[in-house]
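These protein sequence lines map, in sequence, to chains A and B.
With the first letter of the first sequence counted as 1, position 79 gets the number 79 in this note's numbering; the numbers rise by one all the way through.
With the first letter of the second sequence counted as 1, position 119 gets the number 1119 in this note's numbering; the numbers rise by one all the way through.
Simulated from the structure, these hints should not be mistaken for lab results.
A couple of the hints might just be wrong.
Said to hold, decoys possible - According to the in silico footprint, chain B covers these stretches of chain A (three or more CB under 8 Å from chain B):
no., region
1, 10-16
2, 25-39
3, 45-56
4, 74-81
5, 91-97
Claimed, not checked - In the DMTMM-like style, the derived pairs of lysine to aspartate or glutamate whose C-alpha atoms are separated by at most 25 Å in a straight line are:
no., chain 1, residue 1, chain 2, residue 2
6, A, Lys31, B, Asp1344
7, A, Lys31, B, Glu1349
8, A, Lys31, B, Glu1354
Bear in mind that the values here come from a model prediction, so they are computed numbers and not experimental data.
Where a beta carbon is used, it is the ideal one built from N, C-alpha and C, also for glycine.
Each chain, letter by letter, is given below.
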Amino acid sequence: MADDRGDFNIAHVAGLARLALTPDQEALFQKQLAEVLAWAAHVSAVPTDGVPPMAQADGPHAPARADQVAPSLEVPAALRNAPDTPGTAPLFRVPRVIG
Amino acid sequence: MTTPHPDTLAGQREAFVRGDTSARAQCERALERLRDAGAELGAVLTLSADRALARAAVLDAAPDRAALGPLAGVPVAVKDTICTAGIRTTAGSRMLHRYIPPTDATAVARLEQAGALIVAKTNCDEFAMGSSNEHSAFGPVRNPWDLRRTPGGSSGGSAAAVAARLVPAALGSDTGGSVRQPAGFCGCAGVRPTWGRVSRAGLVAFASSLDQIGPLTLTVRDGATMLQAIAGGDPLDATTIPAPAPDWAAQLTGDIRGCRIGVPRHLFESGVDDDVRAPVLAALDVLSARGVRLVDVTLSQARLAIPVYYLIATAEASSNLARYDGVRYGVRAADAEDLRDMYDRTRSEGFGAEVKRRIILGTFVLSAGYRDAYYVKAQQVRTLIARDIEAALREADVLALPTSPSVAFALGARVADPLTMYLSDVFTVGASLAGVPAMSVPCGFGEAGLPVGLQIVGRRGDEATMLRVADAFERDTQVWRQAPSGARHHGGA
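Excised from the complex, chain A in its bound form (with noise of 0.2 Å):
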């Protein structure tokens, strides 16, 4: 594994994570995020040649079900925590995408 300090820019992952941080916040993250990831570290330091990943524990795979029309929910109940709808149509609105 790098240098986390060094690899680990704030800003970046902020933005991908849709987080914009204050300059302050971006400080203080920086500076315990790489005290969080030298401590990883050790994970890096373990033999894992041949060992699989776990995703979960062993168990039921998402079985299958029958491929059926089931009721869910119903589009008011759906609608009825949006910050913003029409009110007119059955729609969530959001700021203009397309200029």
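Place chain B on chain A using the hints.
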């Protein structure tokens, strides 16, 4: 069988079924306590009086109370990461501070079918991310044993409410220890079932390969009863184990003779406070006297569990929390210039500092060029940790170790140092990663009279042995009967 204690789930069900009291009276008493003491503790975010009283009226009108469910007439609080139809569910976040779920979580629906009265939503760390309940957007929860200390987290409100006898039972959720650690800090029984045992449909997702819902109660028997009510396959959660839940409570015989209890003593030697180590070692003596065989086991990968957990949990969280975009539900920042600006500002205004830290860490470990080095590597080491625990559980039927390395710490003591805070989970994350059941049962008191939890870890799918060992221990010790001084008991009972 003797009459159960009136503060317990079993006691309150029996009082209702016998006709000593009505569901309405039990409901009103719980609501009053939650309103008064619950506010002092910061444990309650929303009361659900109307729904609970309506449900109580139905139960009171039932012709045959004995035919009602195993939680009939029992007030239950629910962690605010678990959805309740028509009742605000915030997950401790500004992002969801007005969110009203359209449906119940499966666990909540099953509790009501079993006769429970859902009386309140409890405070928690934001999106269940925390070990002290100080990361709630609605303020911290206080430990009923010492109001200057944390109740643990993230199910701190549920643990504090049960420990303070505001309700006999509560639901929590446990990703890396969020049921067990607060149960230990507050002196109640907290169960994390086998991963897949309880449906997560309606649980606000944090890290899906780790999240589980579990009960917090005063006694182990109550925990078994409540777990049985919520367990079992669910078509709404494809990761659930389809087998029906066993009758765990019926298996609590007190007989654990010949049971092999694996003890990873090497973990006790350093990094555990003396006032925790002493009651845990004393608990092993109690179990020995019950006829168990103590077996030394080694968990050689244990020191890796915390970094592996934080790499995997944050990666999953960064993906799960991408849904909070200000479009379909939750808050939206005002006056955004365009869609991207709306996303950035909504998420920056809606999430608190710890959630942002974890999303950023998780985004980093999944990002191009780093995914294999961090995330996939952590998943490989997770395999080794799980194998390590499974190997120990071949030498023993259950494992016993402290729930936490210290008693409840002071509010504010660790909040500025995430790394130290993360280490609070050192003994709980292993079972989470392996997907095995684990629980905390009160085993004594440490510094300043604060509770200490004994953690029992079972084999995957074998909650029965874990619960039987914890129950047998509890029969001899009855630590739960000691209540924090502020807790009000049933008058005259």
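Against the structure, the hints come out as follows:
1. 10-16: Holds, because 4 residues of the region 10-16 of chain A bring their Cβ atoms closer than 8 Å to Cβ atoms of chain B.
2. 25-39: holds (count 8)
3. 45-56: Held - the region 45-56 of chain A has 8 residues with a Cβ nearer than 8 Å to chain B, which meets the minimum of three.
4. 74-81: holds (count 4)
5. 91-97: It holds, with 5 qualifying residues against the three required.
6. Lys31(A) <-> Asp1344(B): The given pair, whose Cα atoms are some 22 Å apart, holds under the 25 Å limit.
7. Lys31(A) <-> Glu1349(B): OK: Lys31(A) and Glu1349(B) at ~22 Å, within 25 Å.
8. Lys31(A) <-> Glu1354(B): Satisfied, since the Cα-Cα distance of roughly 14 Å is no more than 25 Å.
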